[in-house]
Amino acid sequence: EAQVTQNPRYLITVTGKKLTVTCSQNMNHEYMSWYRQDPGLGLRQIYYSMNVEVTDKGDVPEGYKVSRKEKRNFPLILESPSPNQTSLYFCASRTGAFSNQPQHFGDGTRLSIL
Amino acid sequence: AQSVTQPDIHITVSEGASLELRCNYSYGATPYLFWYVQSPGQGLQLLLKYFSGDTLVQGIKGFEAEFKRSQSSFNLRKPSVHWSDAAEYFCAVGTGGGNKLTFGTGTQLKVEL
Numbered sequence: 077e078a079q080v081t082q083n084p085r086y087l088i089t090v091t092g093k094k095l096t097v098t099c100s101q102n103m104n105h106e107y108m109s110w111y112r113q114d115p116g117l118g119l120r121q122i123y124y125s126m127n128v129e130v131t132d133k134g135d136v137p138e139g140y141k142v143s144r145k146e147k148r149n150f151p152l153i154l155e156s157p158s159p160n161q162t163s164l165y166f167c168a169s170r171t172g173a174f175s176n177q178p179q180h181f182g183d184g185t186r187l188s189i190l
Numbered sequence: 017a018q019s020v021t022q023p024d025i026h027i028t029v030s031e032g033a034s035l036e037l038r039c040n041y042s043y044g045a046t047p048y049l050f051w052y053v054q055s056p057g058q059g060l061q062l063l064l065k066y067f068s069g070d071t072l073v074q075g076i077k078g079f080e081a082e083f084k085r086s087q088s089s090f091n092l093r094k095p096s097v098h099w100s101d102a103a104e105y106f107c108a109v110g111t112g113g114g115n116k117l118t119f120g121t122g123t124q125l126k127v128e129l
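So the protein lines, in turn, are chains A and B. Each position in the first sequence, counted from 1, maps to that position plus 76 in the numbering used here. Each position in the second sequence, counted from 1, maps to that position plus 16 in the numbering used here.
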């Protein structure tokens with residue numbers, strides 16, 4: 077089954093404790109992206125990747141890092157999480173170099189930073 | 017920078033009634049435009065997209081949207097709403113070849129039986 081898998085689905089942690097949210101897709105997609113969703117703000121793009129070793133900033137990259145060492149994986153790293161990063165996070169992937177294909181979304185990761 | 021405005025935070029319609037969700041965008045060039053739907057506890061699902069050509073685009077689940085350049089709008093419509101359409105709907109504009117996506121704040125649709 078074609079899918080985008082995020083782990084963990086839920087995480088409660090404390091300020092400053094490094095964490096990684098993994099994202100894996102089994103569709104051999106070139107493009108992957110991370111979003112955060114906050115009430116009243118909709119979804120905002122954090123980072124995206126066009127292919128292995130190619131990443132670029134979205135609208136809200138501050139406080140986040142990403143890497144794309146393998147085509148299937150696109151982890152989101154919070155080096156020193158802060159409470160304002162409490163949010164619902166989505167990973168998505170899409171085939172092709174152009175956006176005329178739909179993005180497939182994961183089920184989301186809910187992070188709470190205390 | 018591009019932006020997307022969805023002026024209606026909540027909309028309630030009766031089952032069987034028609035629906036129109038509004039979306040206005042701001043972008044200097046021809047945009048890539050999308051509508052996504054999010055059911056509770058789920059990720060987002062693409063309903064339809066516009067890149068060029070025919071300004072009336074058809075999507076899944078009986079939805080359609082019309083691109084109006086003069087009004088910078090891309091409104092979503094459905095002639096007859098079903099109770100299962102209750103969800104949150106997001107309009108998005110893509111730039112950078114469509115690889116950078118900016119979403120609107122969403123419209124929550126409630127369907128009354």
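Bear in mind the hints are in silico, worked out from the structure with no lab data behind them. Possibly wrong hints are sitting among the right ones.
Not everything, but these chain B residues come out facing chain A in the computed CB check (under 8 Å) [to be verified]:
#: 1; residue: 41
#: 2; residue: 71
#: 3; residue: 73
#: 4; residue: 75
#: 5; residue: 119
#: 6; residue: 122
#: 7; residue: 126
#: 8; residue: 129
Pairs of lysine-lysine residues, derived as DSBU-like cross-links and limited to a Cα-Cα distance of at most 30 Å, are as follows [to be verified]:
#: 9; chain 1: B; residue 1: 116; chain 2: A; residue 2: 147
#: 10; chain 1: A; residue 1: 133; chain 2: A; residue 2: 93
#: 11; chain 1: A; residue 1: 141; chain 2: B; residue 2: 116
#: 12; chain 1: A; residue 1: 145; chain 2: B; residue 2: 116
#: 13; chain 1: A; residue 1: 145; chain 2: A; residue 2: 93
#: 14; chain 1: A; residue 1: 133; chain 2: B; residue 2: 116
#: 15; chain 1: A; residue 1: 145; chain 2: A; residue 2: 94
Backbone N, C-alpha and C define an ideal beta-carbon position, used for all residues, glycine too.
Hint check:
The beta carbon of residue 41 of chain B is not positioned within 8 Å of any beta carbon in chain A (closest approach about 13 Å), and the interface hint is therefore violated. Taking 8 Å as the C-beta cut-off, the interface hint given for residue 71 of chain B is violated, the closest approach to chain A being about 16 Å. Residue-level restraint check for residue 73 of chain B is violated (minimum Cβ-Cβ distance to chain A is 12 Å; threshold 8 Å). Because the beta carbon of residue 75 of chain B sits about 10 Å from the nearest beta carbon in chain A, more than 8 Å, this interface hint is broken.
Interface hint at residue 119 of chain B: satisfied, since its Cβ lies 4 Å from the closest Cβ of chain A, which is below the 8 Å cut-off. A least Cβ separation of about 5 Å between residue 122 of chain B and chain A falls short of the 8 Å threshold, and the interface hint therefore holds. With 8 Å as the threshold, the beta carbon of residue 126 of chain B stays out of range of chain A, its nearest partner Cβ sitting at about 17 Å, so the hint is violated. Interface restraint check: residue 129 of chain B against chain A, minimum CB-CB distance 26 Å, threshold 8 Å, status violated.
Distance check on the hinted pair: residue 116 of chain B and residue 147 of chain A sit about 19 Å apart at the alpha-carbon level, within 30 Å; holds. Restraint check for residue 133 of chain A and residue 93 of chain A: satisfied, since their Cα atoms lie roughly 23 Å apart, inside the 30 Å limit. Distance hint between residue 141 of chain A and residue 116 of chain B is fulfilled; the C-alpha atoms sit about 17 Å from each other, no more than 30 Å. Proposed proximity of residue 145 of chain A and residue 116 of chain B is supported: the alpha carbons are some 21 Å apart, at most 30 Å.
Among the hinted pairs, residue 145 of chain A with residue 93 of chain A is consistent with the structure: their alpha-carbon atoms are about 23 Å apart, no more than 30 Å. This hinted pair checks out: residue 133 of chain A and residue 116 of chain B have alpha carbons roughly 9 Å apart, not beyond 30 Å. Simply put, residue 145 of chain A and residue 94 of chain A have alpha-carbon atoms about 20 Å apart, close enough for the 30 Å limit, and the pair holds.
When held up to the earlier numbered hints, the structure conflicts with 1, 2, 3, 4, 7 and 8 and fits the remainder.
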